[in-house]
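Chains A and B supply the protein sequences, listed in that same order. My numbering numbers the first residue of the first sequence as 1 and each following residue consecutively. My numbering numbers the first residue of the second sequence as 1 and each following residue consecutively.
It cannot be assumed that every hint is accurate.
[Stated by the list, open to error] Here are the in silico distance ranges between beta carbons for each label pair:
1. Pro32(B) to Glu69(A): 40 to 48 Å
2. Val37(A) to Glu77(B): 50 to 58 Å
3. Gln26(B) to Gly40(A): 43 to 51 Å
4. Leu38(B) to Gly40(A): 31 to 39 Å
[What the hints assert, rightly or not] Short derived list, chain A residues pointing at chain B, Cβ under 10 Å:
5. Glu35
6. Val37
7. Ser57
8. Leu66
9. Asp75
[Unchecked claim] Computed footprint of chain A on chain B; a stretch qualifies when at least three of its residues, placed anywhere within it, have a C-beta under 8 Å from a C-beta of chain A:
10. 15 to 27
11. 30 to 41
12. 62 to 74
Simulated from the structure, these hints should not be mistaken for lab results. Every residue gets a Cβ at the ideal spot worked out from N, C-alpha and C, and that includes glycine.
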Amino acid sequence: MAPASTSLMHPDGPPEPIAFRRPNLPGVAKLTAKERVAIGRDAEARWAKVMGSPMASVYVTELYGLAVEVIDEIDGAYELVAQIGQPEPGVGTLTVNHEINRRPKARGRMAPLSPTRDRPRSNPGRRRSSFPGAL
Amino acid sequence: MIDGTIALPALVPVDLVLSERHLLQQFVPDGPGTVHFLRVFVSSEERFINCDRETDIAALRLASVEIRDRLEPSMGERPSEEVSAMVVLSKQSFG
């Protein structure tokens, strides 16, 4: 079997660092410009370390696969919601659909993306999402 | 809730899909109270709520799409089936 570095990666080499563009969301809008720069710089530094590792190809392959899984799961949730149908404005609805409420595991799928998250081991109770506004 | 300090009256919906976050307030017995969501999806906000944790699935999807699109050009041709691999690390691997 060919090693992962040649069978799974593009022959042109590793990708450029991800530019962590932030979506225009309420949770993101609370960040100051200085905070945004700090987060971006921190993420780029982490990404550079990842890409300099001999495990880079494995990480990139896993990262890509996780992102695709999350997208597929969320799209599945959207399809289920569409089956319920959107209520008319001002008309509240309450529905039982156990499958929709099992979809939050997409959030857990993002947890292994450790270099994009910051959870200091010295303070495990502290949570800071790398996806402000999303998690 | 665990330490017994929950404000009463309260409702604790479990595994429900609500069109609006505040829909259940009208059902809290004896007037205004607290609603504690345990696995509830609020469709108007596209948010999953579980206890005090909320997930904005639109934002989560957007972040995932950005990651996927950024890495896609580097992935090359992928096998059609799951594959396993063995990465060999030595001192030379780290320069």
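Against the structure, the hints come out as follows:
| no. | hint | result |
| --- | --- | --- |
| 1 | Pro32(B) to Glu69(A): 40 to 48 Å | holds, 41 Å |
| 2 | Val37(A) to Glu77(B): 50 to 58 Å | violated, 37 Å |
| 3 | Gln26(B) to Gly40(A): 43 to 51 Å | holds, 44 Å |
| 4 | Leu38(B) to Gly40(A): 31 to 39 Å | holds, 36 Å |
| 5 | Glu35 | violated, 17 Å |
| 6 | Val37 | violated, 18 Å |
| 7 | Ser57 | holds, 8 Å |
| 8 | Leu66 | holds, 8 Å |
| 9 | Asp75 | holds, 8 Å |
| 10 | 15 to 27 | holds (count 8) |
| 11 | 30 to 41 | holds (count 3) |
| 12 | 62 to 74 | holds (count 12) |
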